Amino acid sequence: MAAEASSAVGSSASSAGGFAPFLVDSLFQRSLDDMIKALRSAPGGESSLIHRLLAEIRREIRSTDSDTKFLALQKLTYLSSLYFLDMSWAAFHALELLPSSVPAFKRTAYLSASLSFHPSSTDLLPLATHQIRKDLQSPNPSLSSPALHLLALSSSPDLALHLSNDLLSLLSSPRAAVHVRCRAVITSLPVLRLTPDSARAFLPKLVEALSPSSPLLSAAAGIFCELVCSGDPRPYLPLAPDFHQVLLECRNNWILIKILKIFARLLVLEPRLKRKLVDPICELMRRSPAKSLVFECLRVVFCSFPDEETAFQLAVEKVKEFVAADDDPNLRFLGLHALAMLGPGQSWAVEENREAIVKSLADPDPNIRHEALRLIMNMVFENNVVEISSLLINYALRSDPEFSNEILDAILVTCSRNFYELVLDFDWYVSLLAEMVRNPHFMKGEEVERQLIDIGLRVKEARSELIRVARVLLIDPALLANQFLHRVLSAAAWISGEYIQFSRNPLEIVEALLQPRTSLLPSPVRAVYIQAVFKIFTFCFNFFVNVGAVSDSKCNTDENTGAESEDSSDVTTFKMESLEMKELLTSKSIIYILNLIVTSLVPLSECDEVEVQERACNVLGLVLLLNGIEEWKTDDVDWRIDGKIREIVTVMSAAFSEELGPVSIHAQKRVLVPEGLELKENLSDLDVILRNNDVPSSLSISFSSRIHSHNEDMEESEPATESTSLLAEHRKQHGLYYLPTDKDENGSNEYPRANDVTNSVSSEKTTNDLLKLTDQSLISRSTKPAKPRPTVVKLDEGVDLPSSSSEYVKEPTGDLLSGAVRDVLFRSDETSSTIQKTLSENFTERRAKETSTISNVDSLLKDNSSPREREIGSSSSRKNKHHGQSKERNKNTRKNETKEEKGNRSSARSSHHHGRHKLKQRVESGDPSLDKAPQTQAIQDFLL
Amino acid sequence: MIRAVIVMNTQGKPRLLRFYEFQPPEKQKELIRSIYGGGERYSFFLAYFFLYSKFVVCLCIFILPPVLSSRADNVSNFVKTDAIFGQDTRVVYKHLATLYFVFVFDSSENELAMLDLIQVFVETLERCFKNVCELDLVFNFSKVLLAVLDNFNLCNWLKKLLFDS
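If you read the protein sequences in the order shown, they are chains Y and X. Residues 1 to 944, numbered by full-length UniProt numbering, are exactly what the first sequence covers, in order. Residues 1 to 165, numbered by full-length UniProt numbering, are exactly what the second sequence covers, in order.
Worth flagging that the hints you see were computed from the coordinates, not collected in a lab. The structure displayed is predicted, hence computed values, not measured ones. Here a beta-carbon is modelled for each residue, glycine too, at the ideal position from N, C-alpha and C. Treat the hints with care, since some could be wrong.
Taking lysine-lysine pairs in the DSBU-like style, the calculated list, with each CA pair at most 35 angstroms apart, reads [said to hold, decoys possible]: (1) X/LYS94 to X/LYS29; (2) Y/LYS320 to Y/LYS460; (3) Y/LYS274 to X/LYS27; (4) X/LYS94 to X/LYS27; (5) X/LYS13 to X/LYS94; (6) Y/LYS318 to X/LYS94; (7) X/LYS29 to Y/LYS37; (8) Y/LYS633 to Y/LYS669; (9) X/LYS94 to Y/LYS37; (10) X/LYS13 to X/LYS130; (11) X/LYS13 to Y/LYS37; (12) Y/LYS359 to X/LYS94; (13) Y/LYS359 to Y/LYS320; (14) Y/LYS320 to X/LYS94; (15) Y/LYS37 to X/LYS130; (16) Y/LYS644 to Y/LYS633.
One side only, chain Y facing chain X, incomplete, derived with CB under 10 angstroms [stated by the list, open to error]: (17) LYS37; (18) HIS118; (19) SER154; (20) PRO157; (21) LEU161; (22) GLU226; (23) SER230; (24) TRP254; (25) ARG299; (26) ASP328; (27) PHE333; (28) LEU334.
Stretches of chain X that chain Y covers, calculated by requiring three or more beta carbons in the stretch to come under 8 angstroms of a beta carbon on chain Y [claimed, not checked]: (29) 22 to 28; (30) 109 to 119; (31) 122 to 134.
Given these sequences and hints, build the entire structure.
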């Protein structure tokens with residue numbers, strides 16, 4: 001080691017022999033302060049300095065001199081925790097310093113050990129076992145607490161197992177200082193997590209610490225809160241009486257908060273606890289000056305028992321105080337946060353605070369604004385969605401960019417929820433979307449794009465308004481420069497192409513789509529633009545050719561037949577519109593469009609973006625084709641009747657005539673699996689087949705040889721049809737994995753089309769449902785929409801939307817710790833019983849007793865004084881106990897020593913509770929039914 | 001439980017770090033940087049899930065809520081940091097002189113209690129150093145870490161908490 005050190009020091013030190021390098025090291029070693037000063041004065045070159053310092057430390061830390069080692073460790077600790085260096089390499093050196101007798105050295109050693117052991121690298125930790133045990137046993141708190149600290153922060157299962165007994169004795173030793181015992185209680189949490197088996201020994205002690213008079217109560221409450229909140233709360237139900245006792249008697253807010261947290265979790269499992277909790281919680285809310293405790297009470301009341309009238313009223317009053325706290329943004333935030341916990345049934349409480357909430361939208365704090373927005377969006381219903389949305393949109397104009405986008409986002413999400421269930425008037429909603437786009441901070445292009453197209457697909461009635469909005473968006477050249485709007489423009493272009501028949505002036509839209517500033521668009525959007533031009537042009541030309549002819553003839557017939565056809569207003573409007581269109585779409589205007597298309601798209605046909613280029617070429621192809629035919633440009637009418645032009649038009653309009661519908665997310669599932677297609681067959685025999693195959697193994701692929709071998713097999717097959725013959729051969733051998741051929745050809749009609757609306761959902765039903773819904777809302781809200789809500793095509797009705805997975809109710813997981821805890825608590829609890837038992841011969845007796853207890857209790861429950869409750873609990877438990885005893889007599893008493901030991905412990909801890917013998921007997925008896933199904937019967941008596 | 005205690009100065013330099021769950025150093029560095037925020041705040045885009053009364057709504061994508069460096073003084077002390085420290089974590093901080101005191105905790109702690117805890121922590125420092133300032137922390141790093149922080153706050157336990165009524 002000396003040689004190593006000297007070589008590191010360099011030539012000056014290497015000349016000195018023996019201990020000289022260490023002497024030099026310790027004489028000239030930088031202290032921690034020196035190092036910090038050096039770091040602070042290092043001008044920018046911190047990283048190189050750290051590098052040098054680390055090299056120094058690596059050298060010094062090997063020193064046999066403990067002072068040097070201590071300083072080096074101290075420096076390393078500093079560097080590693082503030083400059084994010086890994087110090088796991090120094091773990092051994094930290095352990096070396098552990099046995100030191102100097103307290104400062106020991107502390108530093110423990111600190112650096114706790115920093116250098118990772119959960120993944122605890123190989124060296126067993127080396128410290130002995131030293132830690134020694135320190136744990138030491139009466140000096142300054143020695144035992146760092147040891148506990150190391151045990152708490154970085155410990156391995158082995159170490160935990162070895163030291164759990166020492167920890168246990170420290171926990172219960174009356175000689176140790178209280179704060180050391182508290183630490184020990186806390187340290188038992190990581191130990192429990194690492195070694196679930198130790199729960200049997202630890203839990204009785206911990207439960208004992210849970211008594212209101214125990215000095216360890218605060219630590220124990222913390223531990224149990226952590227255990228209940230982080231794992232499965234079910235095993236802790238039997239402790240409810242103990243928690244309740246603490247709630248009643250403890251006056252420490254910190255502990256009360258923890259207890260309330262525990263009850264919040266337990267209430268989910270056992271709603272009947274509510275009756276016991278309402279009064280103490282109300283009392284706390286009324287009396288306590290501590291806001292933190294009041295907030296915790298609020299949380300319990302709002303989440304767990306919103307249906308308790310008095311408690312809820314009180315909580316709402318308290319929330320008002322929170323929300324109105326002008327001087328403290330924290331309280332305002334938490335008040336709003338608490339309101340957001342309320343379900344829809346309690347929305348009146350939110351409504352009461354409406355003014356404050358709306359005011360909070362202008363708060364300088366983004367958190368508060370965010371919560372307020374969330375609350376407002378929860379208040380939105382069909383009858384106020386219009387007002388609230390327009391208010392918010394105006395508000396968004398005035399707020400900062402980030403929040404204004406948050407507002408827009410909230411509106412988009414709320415309105416589109418569940419297929420736009422809140423939106424009655426789609427014309428309004430579409431124009432709202434357009435208004436949103438005008439917001440200078442607008443950044444929600446993708447969502448607006450999605451919704452515009454979605455509405456187009458789903459709501460037929462909204463299409464004319466969509467076209468109007470799309471036109472406005474497309475025509476404005478200013479919008480093209482805003483990159484956040486490109487997605488919206490793309491949607492507008494698509495809509496204008498798809499639903500052009502609703503437009504009054506297609507020419508205008510074509511002009512807009514081809515305006516020079518479209519060069520600012522990214523190429524995918526440009527491609528959509530060009531495709532839209534294609535569609536619109538096809539529509540116009542089709543109209544020019546067909547409808548022109550029809551209306552010509554119609555006009556003639558009208559003139560002939562007189563007033564008859566003017567009865568129906570439909571025909572009149574159609575005629576008016578088509579007349580208008582006809583005036584618009586003359587041969588002159590068509591030629592104008594053609595020229596416009598040619599001038600603006602020709603440059604694009606050489607564009608380097610393939611999508612744009614391809615579409616441009618498509619359009620140009622059509623244009624050239626039409627330009628080549630001269631006849632339609634004349635005023636002659638005959639060409640309309642038949643001829644080449646008519647053919648082209650029919651083909652082209654057929655290409656776009658099919659309406660696009662929304663595609664169900666379950667479309668794939670609805671496709672019938674063709675007969676004979678095995679999807680679930682085990683494919684393991686495929687290996688065998690492949691091995692037996694005459695084709696050489698695919699790993700050593702030599703394609704020519706394969707062809708060769710097959711040529712040998714089937715000499716008559718021509719090389720050109722090689723692959724088909726291979727396929728045929730394979731099919732013959734393993735027909736099972738192929739689709740039947742005839743099916744492929746004939747059965748194709750049986751596949752429902754993915755986007756076939758009528759097929760998947762009967763539209764009639766949808767309409768009816770919607771009508772019913774709107775009716776209900778009309779009755780309840782007594783407002784009248786201007787027009788009936790249009791049909792929204794839904795494809796996935798009856799499919800469960802992802803519901804809010806209940807936060808708390810988890811399936812009992814394979815969590816080892818909670819399993820162990822359940823074992824201990826359920827077995828040891830004096831009133832625990834089992835399903836089997838309830839169902840067995842004792843059932844009727846038990847029933848009778850329970851009902852009698854209930855009647856007893858009901859009369860007593862009116863005043864909820866705690867001692868009496870305890871009495872009731874104990875009396876009923878005593879009854880049960882006798883019962884249990886009688887049962888036990890019949891059982892074989894299988895004793896084993898460990899169980900007895902455990903029973904003794906458990907009974908010791910519950911000595912201050914009722915029914916102390918019961919538990920022991922039960923455990924001793926080793927009733928096998930108890931092992932099988934511990935049940936939550938335990939707190940029954942507490943609840944009664 | 002409390003996940004971490006972080007003290008950093010207004011330039012985002014850490015002055016005191018204690019993670020009660022193991023985090024590799026690189027991760028620590030990242031966490032500190034993201035909680036401080038600074039200029040790169042707009043580069044964070046996150047999906048946020050909010051639990052509404054009956055169903056989960058994806059409130060789409062929005063920018064990370066302003067982290068420490070961008071928060072004004074007169075605003076609330078809570079920061080939602082699901083994205084930084086994982087689900088269900090919250091951060092409460094206090095800005096005093098040139099230091100941010102940051103506590104990271106999860107749902108088993110009360111928000112206001114944590115705020116009080118910071119106060120207790122600062123008062124303890126005050127008692128130890130008489131007019132505590134950033135330099136005191138810099139030069140007494142391990143003393144603070146061991147003597148103050150770990151003694152008074154190991155996971156949950158607070159002996160001298162001013163809560164007793």
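Hints, verified against the model:
For the hint linking X/LYS94 to X/LYS29, the alpha-carbon distance of about 20 angstroms falls within 35 angstroms, and the restraint holds. Distance check on the hinted pair: Y/LYS320 and Y/LYS460 sit about 46 angstroms apart at the alpha-carbon level, beyond 35 angstroms; violated. For the given pair, Y/LYS274 sits about 43 angstroms from X/LYS27 by alpha-carbon distance, which is inconsistent with the 35 angstroms threshold. For the proposed pair X/LYS94 and X/LYS27, the alpha carbon gap of about 23 angstroms is at most 35 angstroms, so the pair holds.
For the suggested pair X/LYS13 and X/LYS94, the alpha carbons sit about 16 angstroms apart, so the restraint of at most 35 angstroms is met. For a cut-off of 35 angstroms, the pair hint linking Y/LYS318 to X/LYS94 stands: about 25 angstroms separates their Cα positions. For the proposed pair X/LYS29 and Y/LYS37, the alpha carbon gap of about 22 angstroms is at most 35 angstroms, so the pair holds. Taking the CA atoms of Y/LYS633 and Y/LYS669, the gap is near 51 angstroms; set against the 35 angstroms cutoff, the hint is violated.
For the given pair, X/LYS94 sits about 27 angstroms from Y/LYS37 by alpha-carbon distance, which is consistent with the 35 angstroms threshold. Note on X/LYS13 and X/LYS130: the hinted pairing holds, with a Cα-Cα distance of about 23 angstroms set against a maximum of 35 angstroms. Proximity of X/LYS13 to Y/LYS37 is assessed by CA-CA distance (about 16 angstroms); at most 35 angstroms being required, the pair is judged to hold. Between Y/LYS359 and X/LYS94, the direct Cα distance comes to roughly 25 angstroms. Compliance with the 35 angstroms bound is thereby established for this hinted pair.
The straight-line distance between the Cα atoms of Y/LYS359 and Y/LYS320 is roughly 14 angstroms, inside the 35 angstroms bound, and the hint therefore holds. At roughly 25 angstroms between alpha-carbon atoms, Y/LYS320 and X/LYS94 fall within 35 angstroms of each other, so this suggested pair holds. Note on Y/LYS37 and X/LYS130: the hinted pairing holds, with a Cα-Cα distance of about 22 angstroms set against a maximum of 35 angstroms. Note on Y/LYS644 and Y/LYS633: the hinted pairing holds, with a Cα-Cα distance of about 14 angstroms set against a maximum of 35 angstroms.
A distance limit of 10 angstroms between C-beta atoms decides the matter here; for Y/LYS37 the minimum to chain X is near 9 angstroms, and the interface restraint holds. Here the hint on Y/HIS118 is kept, as its CB sits about 6 angstroms from the closest CB of chain X, short of 10 angstroms. The beta carbon of Y/SER154 comes within 7 angstroms of a beta carbon in chain X, closer than 10 angstroms, and the hint placing it at the interface holds. For Y/PRO157, the interface hint is violated, the least distance from its beta-carbon to any beta-carbon of chain X being 15 angstroms, above 10 angstroms.
The restraint placing Y/LEU161 at the interface with chain X is violated, with a minimum CB-CB distance near 20 angstroms, outside the 10 angstroms limit. Residue-level restraint check for Y/GLU226 holds (minimum Cβ-Cβ distance to chain X is 5 angstroms; threshold 10 angstroms). Of the supplied interface hints, the one on Y/SER230 holds, with its beta-carbon coming within about 7 angstroms of a beta-carbon of chain X, less than 10 angstroms. For Y/TRP254, the interface hint holds, the least distance from its beta-carbon to any beta-carbon of chain X being 4 angstroms, beneath 10 angstroms.
Of the supplied interface hints, the one on Y/ARG299 holds, with its beta-carbon coming within about 9 angstroms of a beta-carbon of chain X, less than 10 angstroms. A distance limit of 10 angstroms between C-beta atoms decides the matter here; for Y/ASP328 the minimum to chain X is near 8 angstroms, and the interface restraint holds. Interface hint at Y/PHE333: satisfied, since its Cβ lies 4 angstroms from the closest Cβ of chain X, which is below the 10 angstroms cut-off. The beta carbon of Y/LEU334 comes within 6 angstroms of a beta carbon in chain X, closer than 10 angstroms, and the hint placing it at the interface holds.
Judged by the Cβ-Cβ criterion of 8 angstroms, the segment 22 to 28 of chain X is covered by chain Y as claimed, because 5 of its residues qualify and three suffice. Check on the segment 109 to 119 of chain X: 6 of its residues sit with their Cβ under 8 angstroms from a Cβ of chain Y, so the three-residue criterion for coverage holds. Here the segment 122 to 134 of chain X counts 0 residues with a CB under 8 angstroms from a CB of chain Y, which misses the bar of 3, and the coverage is violated.
When the structure is compared with the earlier hints, violations turn up for hints 2, 3, 8, 20, 21, 31 and for no others.
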